[in-house]
Every structure is written in structure tokens, then in C-alpha cells.
Amino acid sequence: MVERVIATPEALALIRQLQQEHGELMFHQSGGCCDNSAANCYLPTDLTVGIRDLKLGEVGGVPFYISKTQFETWKHTQLILDVIDGRGGTFSLEEPTGKAFHTRSRVFTPEEQAWLDQHPPQDMAPDFS
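Numbering (the numbering used here), first residue to last: 1003 to 1131.
By construction, these hints were calculated from the structure, which means they are not laboratory data. A quick note: this is a predicted structure, and the numbers were derived from the prediction, not measured. The C-beta atom is built at its ideal place from N, Cα and C for all residues, glycine as well. You can take every hint at face value.
Lysine-lysine pairs mimicking DSS-like chemistry, simulated, CA-CA at most 27 Å apart:
| no. | residue 1 | residue 2 |
| --- | --- | --- |
| 1 | 1057 | 1070 |
| 2 | 1077 | 1057 |
| 3 | 1101 | 1057 |
Label-pair ranges, simulated between beta-carbon atoms:
| no. | residue 1 | residue 2 | range |
| --- | --- | --- | --- |
| 4 | 1109 | 1025 | 34 to 42 Å |
| 5 | 1088 | 1112 | 30 to 38 Å |
| 6 | 1022 | 1113 | 36 to 44 Å |
| 7 | 1045 | 1078 | 26 to 34 Å |
Could you build the full structure based on these sequences and the hints that come with them?
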């Protein structure tokens, strides 16, 4: 199995810290409009995911979403959630900590891409059946 999104130990530690403080969390990879192009951490009630989003996977047990248009740009890369010192996006829960989630990436190998092509990410479109 190939993971589309993974997290560094530093990111996992910050996730645990935020979970202790806030409870259930979610990530959404920002498209860069108003608040950078980073993975933003939210409470599940703070952002609605739906017909325009895909679930890439989970990091630290926290769901990680991306818009379908962003996915088209990043689909050949594994997203690596990391942490840097400094202030991140003002919409993201880690902003007051002095740390910021930072998205790195690496290109999938041809073998990984072949597997991923057979296993698309979860479409978040509502099921009305």
C-alpha cells in the first residue's frame, strides 16, 4: 500500500498536542488563496468538505482532505506533512503555538503511481442513493 499523505514525527507530535487541546481535528490542503498553500488544521465543524474534495488519507488518525483541482496538481506526489518554526496560516489551529504545518512532497515512483492509479482517493461527494 502506498500512502498519498504521511507526517513527520514533529508533525505527529504537534497533532497530538492539538488533539489534547481541541479534540477531534481535520486537515485540508489549502489552495493558496487567502491563507497560504499549506495544510491547514481545523476542527471538523470549522470547514465543510464535500463534492469538490477528496480524502487523501489520514495522518496521526486525522483525516486529510484536498480539493479535486489541487489534487490534479499534486496527484503524482506524496504529500509529507512537516512542521516549521514560525507562524503559519491564521486559519489553522497551530497558529498560536509558534509552529506551522508545512507541506513537502516527493514524486511517486512509477511502481507506486501504478498502484495509486488502481486505488483512487476517496471522493467526498454525498451519496444520495
